[in-house]
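Each chain, written out:
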Amino acid sequence: MEIKIYEKVMSANDAIASEIRKLLSANNIIALNVIGSPGSGKTTVLEAVIPMLLKKKPPVESAVIEGDLATAYDAERLGSLGITAVQVNTGSGCHLDANLIYKPLKELLLEKINIIFIENVGNLVCPSQFDLGENAKIAVLSVSEGDDKAAKYPLLFRVASCVVLNKIDLLPYSNFNKERFWGQVRKINPNITCFEISAANGEGVEEFINWICKYKMCNEK
Amino acid sequence: MDELPVSVECLACGAVSKIDNFEFTCSACGGIELKTISGDELLIDSMEGE
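Here the protein sequences line up with chains A and B, keeping their order.
The first sequence finishes on residue 221 if you use this note's numbering, and the numbering steps up by one all the way, no holes.
The second sequence finishes on residue 50 if you use this note's numbering, and the numbering steps up by one all the way, no holes.
Keep in mind the hints are simulated off the structure, nothing from the lab.
None of the values given here were measured: they were computed from a predicted structure.
C-beta atoms are modelled at their ideal positions from N, C-alpha and C, and glycine is treated no differently.
Treat each hint with caution, since some may be false.
Straight line, CA to CA, 25 Å or less: simulated PhoX-like cross-link-like pairs of lysine-lysine [as the list claims (entries may be wrong)]: (1) Lys8/A / Lys18/B; (2) Lys187/A / Lys18/B; (3) Lys56/A / Lys187/A; (4) Lys152/A / Lys35/B; (5) Lys187/A / Lys35/B; (6) Lys152/A / Lys18/B; (7) Lys18/B / Lys216/A.
A short, non-exhaustive set of chain B residues, derived as facing chain A with CB atoms under 8 Å [what the hints assert, rightly or not]: (8) Leu4; (9) Ala15; (10) Ser17; (11) Phe22; (12) Glu23; (13) Phe24; (14) Ile32; (15) Leu43; (16) Ile44; (17) Asp45; (18) Met47; (19) Glu48.
Some chain B residues well away from chain A (every beta-carbon gap over 10 Å; in silico) [what the hints assert, rightly or not]: (20) Glu9; (21) Cys13; (22) Gly14; (23) Val16; (24) Thr25; (25) Cys29; (26) Ser46; (27) Gly49.
Modelling step: build the complete structure from the supplied sequences, incorporating the hints.
Next comes the structure, spelled out in structure tokens:
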């Protein structure tokens with residue numbers, strides 16, 4: 001016997017994501033979902049960006065929700081910048097979903113925050129498929145991962161608004177072909193915004209921060 | 001499991017194209033402003049039981 005269901009598999013997640021979007025919008029907060037492989041430098045990028053946002057006039061206040069299978073290492077690193085950083089441990093889960101961030105989100109002092117960075121679990125695949133109620137997804141890829149990764153893992157680069165190529169200070173020591181990488185990225189997503197940075201030495205970070213500030217201005221009320 | 005091809009509508013010329021290998025350009029005019037009209041659904045249409 002065939003039983004008709006016609007239900008979106010993601011409907012439960014999407015309903016919570018929609019609640020999150022309303023909560024963020026009511027507090028005039030921009031949420032950015034940062035996605036990339038383990039070791040691509042997501043946390044280091046945030047360590048470079050967050051203090052510089054605080055130095056803007058007026059200061060841009062950030063908070064972070066950190067996703068990892070285990071440990072609070074990253075929340076401790078980012079908390080030491082003087083901001084609120086909440087750790088979410090997924091156990092064996094390979095991505096954050098909307099339900100996992102709804103509770104920690106409600107515990108933040110939302111009226112004091114301008115931007116929430118959601119650092120997803122290190123993974124180039126599954127996090128791309130889950131709406132967390134964010135305004136934009138940011139893809140972080142590092143030079144040491146290789147220039148073929150956009151072509152091999154295209155979904156993230158299709159759904160992201162911006163790609164940050166990190167660790168460009170390692171370019172002289174690798175065979176990473178930037179033209180090949182960006183060519184593949186633009187085939188997947190011709191409208192994507194691209195940055196080349198070294199979060200470790202600060203190169204290119206200012207341009208990325210200017211994009212974040214402009215994105216915030218265009219999307220807040 | 002039915003897999004549907006990715007189809008997009010070009011916002012410039014209105015043509016509908018099928019997308020292969022994640023290369024998102026209009027097959028008629030080469031436009032890049034595209035609206036995905038199918039292929040990203042994840043739907044449980046029906047189930048069978050005895």
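Taking the hints in turn, this is what the structure says about them:
Distance check on the hinted pair: lysine 8/A and lysine 18/B sit about 23 Å apart at the alpha-carbon level, within 25 Å; holds. For the hint pairing lysine 187/A with lysine 18/B, the CA-to-CA distance comes to about 14 Å; that is within 25 Å, so the pair holds. Note on lysine 56/A and lysine 187/A: the hinted pairing is violated, with a Cα-Cα distance of about 35 Å set against a maximum of 25 Å. For the given pair, lysine 152/A sits about 23 Å from lysine 35/B by alpha-carbon distance, which is consistent with the 25 Å threshold.
Proposed proximity of lysine 187/A and lysine 35/B is supported: the alpha carbons are some 15 Å apart, at most 25 Å. Simply put, lysine 152/A and lysine 18/B have alpha-carbon atoms about 20 Å apart, close enough for the 25 Å limit, and the pair holds. For the given pair, lysine 18/B sits about 34 Å from lysine 216/A by alpha-carbon distance, which is inconsistent with the 25 Å threshold. Because the closest C-beta pair between leucine 4/B and chain A is about 14 Å apart, greater than 8 Å, the hint is violated.
The closest approach between the C-beta of alanine 15/B and any C-beta of chain A is roughly 16 Å, which is over the 8 Å cut-off, so the hint fails. Taking 8 Å as the C-beta cut-off, the interface hint given for serine 17/B is violated, the closest approach to chain A being about 14 Å. At a threshold of 8 Å, the smallest CB-CB gap from phenylalanine 22/B to chain A is about 4 Å, leaving the interface hint in force. Checking glutamate 23/B against chain A: minimum C-beta separation of about 5 Å stays under 8 Å; hint holds.
Restraint check, phenylalanine 24/B versus chain A: the minimum CB separation of about 6 Å is within 8 Å; hint holds. Because the beta carbon of isoleucine 32/B sits about 4 Å from the nearest beta carbon in chain A, less than 8 Å, this interface hint is met. The closest approach between the C-beta of leucine 43/B and any C-beta of chain A is roughly 6 Å, which is under the 8 Å cut-off, so the hint is satisfied. Taking 8 Å as the C-beta cut-off, the interface hint given for isoleucine 44/B holds, the closest approach to chain A being about 5 Å.
At a threshold of 8 Å, the smallest CB-CB gap from aspartate 45/B to chain A is about 6 Å, leaving the interface hint in force. Checking methionine 47/B against chain A: minimum C-beta separation of about 5 Å stays under 8 Å; hint holds. The beta carbon of glutamate 48/B comes within 5 Å of a beta carbon in chain A, closer than 8 Å, and the hint placing it at the interface holds. At roughly 15 Å, the least C-beta separation between glutamate 9/B and chain A is larger than 10 Å, which holds for a residue marked as non-interface.
With a cut of 10 Å on Cβ distances, cysteine 13/B stays outside the contact zone with chain A, its closest approach being about 15 Å. Separation of glycine 14/B from chain A is adequate, the least Cβ-Cβ distance of about 18 Å exceeding the 10 Å criterion. Here valine 16/B stays apart from chain A, with its beta-carbon at least about 18 Å from theirs, past the 10 Å limit. Not every CB of chain A lies more than 10 Å from the CB of threonine 25/B, the least distance being 7 Å, so the non-interface label is violated.
A cut-off of 10 Å between C-beta atoms confirms that cysteine 29/B is not in contact with chain A; the least separation is 13 Å. Against the 10 Å criterion, serine 46/B falls within the reach of chain A, whose nearest CB is about 5 Å from its own CB. Not every Cβ of chain A is farther than 10 Å from the Cβ of glycine 49/B; the closest lies at roughly 6 Å, contradicting the non-interface assignment.
The structure fails to meet hints 3, 7, 8, 9, 10, 24, 26, 27 from the earlier list, while all remaining hints are met.
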